[in-house]
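Taking the hints into account, I'd like the entire structure generated from these sequences.
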Amino acid sequence: MRPLFSLGLGARLGNGRQYISWISLEDEVRALQFAISHDGLSGPVNLTGPAPVTNAEFTAALGRAVRRPTPLVLPGFAVRAVLGELADELLCGQRAIPAVLERAGFRFHHNTIGEALSYATARPAVA
Numbered sequence: 001m002r003p004l005f006s007l008g009l010g011a012r013l014g015n016g017r018q019y020i021s022w023i024s025l026e027d028e029v030r031a032l033q034f035a036i037s038h039d040g041l042s043g044p045v046n047l048t049g050p051a052p053v054t055n056a057e058f059t060a061a062l063g064r065a066v067r068r069p070t071p072l073v074l075p076g077f078a079v080r081a082v083l084g085e086l087a088d089e090l091l092c093g094q095r096a097i098p099a100v101l102e103r104a105g106f107r108f109h110h111n112t113i114g115e116a117l118s119y120a121t122a123r124p125a126v127a
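Read in order, the letters of the sequence shown correspond to residues 1 to 127 in UniProt numbering.
Source of the hints: derived by calculation from the structure; they are not laboratory data. Please note: incorrect hints may appear among the correct ones.
[Claimed, not checked] Derived CB-CB ranges, DEER-like:
1. Gly105 x Val73: 35 to 45 Å
2. Phe77 x Ser42: 35 to 45 Å
3. Gly8 x Ser118: 16 to 26 Å
Backbone N, C-alpha and C fix where the C-beta goes; we use that ideal spot for every residue, glycine too.
This is the structure we're talking about:
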């Protein structure tokens, strides 16, 4: 995604209201270490950041992180024409939260999508 957004080709998908759960790589590694070392965790452990965002919010945040505007919209019908049923993975959101981790006392280093993307884009892109 970063190369497209860096070229100014980042686009909101569909209506942009679908939720995306995200996590920074640093927090994911820390959360895995936390989960392994805490025997008291039970049930599903969602490895997601603490604040899910909509596709529109994610698109805007990634555009800001790479310093490019994001005025483009890829209509849902176009996504479906290219991806078929797989389009639902992009156009239907899921708002997962890390409730088990947070109840156990895990603290995120990157609490917002802006913080996570600034951290991720501060390093060179990996092909």
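### Query
So the hint says 16 to 26 Å: do the beta-carbon atoms of Gly8 and Ser118 match that?
Since Gly8 and Ser118 have Cβ atoms about 19 Å apart, the given range 16 to 26 Å holds.
### Query
Holds or violated: 35 to 45 Å for the Cβ distance of Gly105 and Val73?
Cβ of Gly105 to Cβ of Val73: about 41 Å, so the range 35 to 45 Å holds.
### Query
Between Phe77 and Ser42, does the beta-carbon spacing fit 35 to 45 Å?
holds, 43 Å
Violated hints: none; the structure is consistent with every hint.
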